[in-house]
Amino acid sequence: MLIKNGYLFTTCTNDFEKLDIRIENTKITEVDYDISPKENEEVIDAAGKYITPGFIDAHSHICISEEGMGEVGDDCCDYSDAITPQLEVLDGLYPFDRAVERSVRAGVTCACVCPGSDGVIGGVASVIRLTGKIADEMIVTRKAAVKGSLGENPKAAKHGFASRMGTAYHLRKCLEDTKEYLFGKEEAEKNGDHFRCDPGKENMAMVLRKEIPLHIHAHRSDDICTAIRIAKEYDIRIVIVHCTDGIEIAEYIAASGFPAIVGPSMNPCSKQEVWNKSFETAGVLNRAGVKVCITADHDVTPLYYLPIYAAMAVRFGMDDAEALRAVTSYPAEILGIDDRKGALVSGKDADLVIWSHHPFDIHAKAEHVFIEGKQEC
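All the letters of the sequence shown, read from the start, carry residue numbers 1 to 377 under this note's numbering.
Simulated from the structure, these hints should not be mistaken for lab results.
All the given hints hold, so there is nothing to weed out.
Only pairs whose alpha carbons sit at most 30 Å apart, straight line, appear in this in silico DSSO-like list of lysine-lysine: (1) K232 with K185; (2) K133 with K27; (3) K179 with K201; (4) K185 with K201; (5) K365 with K133; (6) K179 with K158; (7) K27 with K365; (8) K201 with K158; (9) K158 with K232; (10) K143 with K133.
For each label pair, taking beta carbons as the anchor points, the in silico distance ranges come out as: (11) Y94 with W275: 32 to 38 Å; (12) G70 with E30: 43 to 49 Å; (13) E137 with D78: 23 to 29 Å; (14) E137 with G257: 33 to 39 Å; (15) R229 with Y33: 49 to 55 Å; (16) G132 with A321: 30 to 36 Å; (17) S346 with G132: 21 to 27 Å; (18) K133 with F316: 36 to 42 Å; (19) C12 with D198: 39 to 45 Å; (20) E251 with D319: 16 to 22 Å; (21) K365 with G132: 20 to 26 Å; (22) D235 with P37: 49 to 55 Å.
Just so you know, even glycine gets a beta-carbon here, dropped at the ideal spot from N, CA and C.
Turn these sequences into a full structure, and let the hints guide you.
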């Protein structure tokens, strides 16, 4: 398939360029000026249209907190313990969540689905493509991150502690227990002894080895600082999720080198730690040098609002190109899928959207959405 005459935002430059793009099977195979069609090749004339990579939300609960189903469809949090790294989002994914189709029609093609934030360690997050009827077939990366939480949510979950000090202690203890587990495993292997594997410890070991990051839910500035402090103590990779008070300590976060997933900002201030929520935050952090993604945090607010969130970030001062990257290439990089997704360049997956207008225009509609070369709408 050849898409001609559209204005492409490849993410490699800061503006839309009039380019053609060829898709073969699941991949983008050519992006260039005035590509000639092959014999019998399907051609879409995108004259006057805008084309972007499919949007990616780096923090979502779609398919594990089913839209419109209340408690029956909510598999976000498990209250068996404060520390549950053995749990995997994959085992709770429901592909028929009605929000999936709505999100695709809004131009969203991929999401990182995370456990909820009521546990200090909630489990393992997975990156999914927003298409398919079988959970396993939706998976892009099964183990993309481990989800952790600080602040009011784990405090309120009544796990036997009710302070920020207690939450931080349990996070450190989980990491220390994992180090002890790995020492015991190494000794057993040296001595040829039987060793019983622990799925949760193995998942946390991936964090300690820097194979995957710890995504830490942190709204308030003190929780953000605690997340950074613990990350430095254990030399692990983290991603600061929500980062609501980040607007107050942007330079400190930038100096840490850790990225942030910002949002949601469209819902009411439901608790004290989000009183400072603002559409300005993403832009302020970005200008300070933080790698920023924008999230709708489905189902707190709908995933299909993600284009509106990015547009509102621009309205409140974020650079247009950086806002587009915050929902395309930056989440791909933070999630470790940038070898496949997040940009319109040859060799990447053919995840792309043809928009009727500039995607930040209030009139913009996703007229064609492709996920790995297949037209979904």
